[in-house]
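> What follows is each chain in one-letter form.
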Amino acid sequence: MPCLFLKNAILVNFMLDDLDRRILRHLQAEPSLSGAELAERCRSTQGVCGRRIEKMQAAGIIEGQEAVIDWTALGYAVEVSLRVTLDKTQARAFDEFTEAAREVGEVIELQTFLGRVDVRLSVLAQDMSHYQQVYRDRILTLPHIADIEALMHIARVKQDEALPI
Amino acid sequence: MIELDEIDRRILRALRQDATQSAGALGRKFGLSQPATWRRIKRLEDAGVIKGRRLRLNAEALGFGVTVFLGVKLARKGQVSLEDFERAVSAIPEVQTVEHVLGLYDYRLRVVARDLADFERVLRRRVMTLPGAGEVEANVLLSEERLPGPIG
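These protein sequence lines are chains L and Y, in that order. Mind the numbering: the first sequence is residues 34 to 198 in my numbering, read in order. Mind the numbering: the second sequence is residues 7 to 158 in my numbering, read in order.
Derived from the structure by calculation, the hints contain no laboratory data. None of these values were measured; they are calculated from a predicted model. Any given hint could be a false lead.
Unchecked claim - Here are the simulated DSS-like pairs of lysine-lysine, each with C-alpha atoms no more than 27 Å apart in a straight line:
| hint | chain 1 | residue 1 | chain 2 | residue 2 |
| --- | --- | --- | --- | --- |
| 1 | Y | K35 | Y | K57 |
| 2 | L | K191 | Y | K57 |
| 3 | L | K191 | Y | K79 |
| 4 | Y | K48 | Y | K35 |
Unchecked claim - Just the calculated beta-carbon pair ranges, DEER-fashion:
| hint | chain 1 | residue 1 | chain 2 | residue 2 | range |
| --- | --- | --- | --- | --- | --- |
| 5 | L | T78 | Y | M134 | 20 to 26 Å |
| 6 | Y | R127 | L | E96 | 38 to 44 Å |
| 7 | L | E182 | Y | R131 | 27 to 33 Å |
Glycine included, C-beta positions come from ideal geometry on N, C-alpha and C.
Next comes chain Y alone, as it looks inside the complex (with noise of 0.2 Å):
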């Protein structure tokens, strides 16, 4: 596992704010030179800490105004095949993740679309109509915010 320090740190909130930053303009602000910053983005890279990027776009400005979070538990466990149901439901393209998870539910989803009506459509024709799903809720998102965690 690898250890960071407080720049280590600081680089990886910048790229979390804007992963478009180069090694120099990042170097420039924490007082580090070009080459110093790159190798330790490259480190950070190599060890798996930063896996990749995203694209932020405003879904709203898109036409999605509504997400929402289902939590979904599988009817008949031990008939149904985990894997026909992560296939299936991955493939809907408004479900945005899907996680697996331990608990109340089985699998927690993330679901975009550009109102109720669009959501209930989703929800009625490609959720409910899932191999095994059973049980279903749901809770529209009002608001989000993602913290530094432990790199703050």
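One chain only, chain L, in its complex shape (with noise of 0.2 Å):
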């Protein structure tokens, strides 16, 4: 069955024309759009648009919408970006590392890497000297990290992580 998903996936992709592409890129930037806003910016109907979308949830293209969360306003100053080497030495060193990392409260991102970089940790702390706690009692002492490098964000310049479709 994954198999027959992911062909019907391809050949949707391959099958995709300009109104579906001009659909996803017009939701891309402007998600809450109202199906009427939607037609009128495509120059399409409100009907036609409604099915497209359908179509596209369906093959599994167009998966939903999550709101996004502003941490600062929640009073999380700081994000801090860790990038981990673990000891590759250890054979579950990549499950044990990410099963400890999900238990801590402050990361938000856990991303995993073929590179230089294993392991790479998104962490959100109030200020700096809440950050040097968590650093200490929860990131330190994590299992298997061989290295870890930090990198503070100051600004994000782009962030809508758009598809060029």
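Now that you have both chains on their own, put them together as the hints suggest.
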């Protein structure tokens, strides 16, 4: 079954026409557009746009919409990217590290990589002294760390995460 | 700064999963009336906690098979204008996010591409040619999780 689904997804991918792409571009830029506004911008009708969206949802192209949270409004002024290299001589290093990192309440993102960096954590803190506390008590105690580098966020210059459709 | 109670946190978690849920539907989930839920959502929006919505697309189904994070160091610091670099890098369609950071690198970029060959084209033709771009480190994304964080 997963194979069949993948085939369908690829098939639909090749069949995306100009209107589908316009819909995705406008919805990416402004997800809260009403059906009528979207139809007008795509130079189509609400019924047609609605059916196209349903089709793209069924094909797994549109997965949904998520609320974006501004952590600074909740008092988390500090965000640090921790780039972690793991001790790969331990067979279960990846699994045990990610399992433990998921339990840290201040971690909002966990990514694994192929490259010089193995895992990256996005860590939030209220201020620098809170960060220091989280870093010492919760991060440095995580298993199998060989090396950590920190990048402190100063500003988000571009953050829409839009795909170039 | 806004204080959250357990219901606020549950509402935020639910909206992060699916932002299209109505106040009525959310209220039924948490045993609240529609107007009470609406007021809570409105308060979270007014305080800037919910700053918008994002459309979640399946990058792979749209033909984008590769995501790469780039650490970029500016060459000849002081001679390049940060504004020029930021404007030029933000204009590259394949660059999804640009973060100004402090540490080993100056900028952190999230780049999507159809495959590794396509990524190489973006890297050589668009990123390496940016005004002031110096050393670049690439890490290919294997997996990604977003966690509830402090609202968990």
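> Next, verify each hint and record whether it holds.
Structure-based check of all given hints:
no.: 1; hint: K35(Y) - K57(Y); result: 23 Å, holds
no.: 2; hint: K191(L) - K57(Y); result: 15 Å, holds
no.: 3; hint: K191(L) - K79(Y); result: 17 Å, holds
no.: 4; hint: K48(Y) - K35(Y); result: 18 Å, holds
no.: 5; hint: T78(L) - M134(Y): 20 to 26 Å; result: 45 Å, violated
no.: 6; hint: R127(Y) - E96(L): 38 to 44 Å; result: 27 Å, violated
no.: 7; hint: E182(L) - R131(Y): 27 to 33 Å; result: 28 Å, holds
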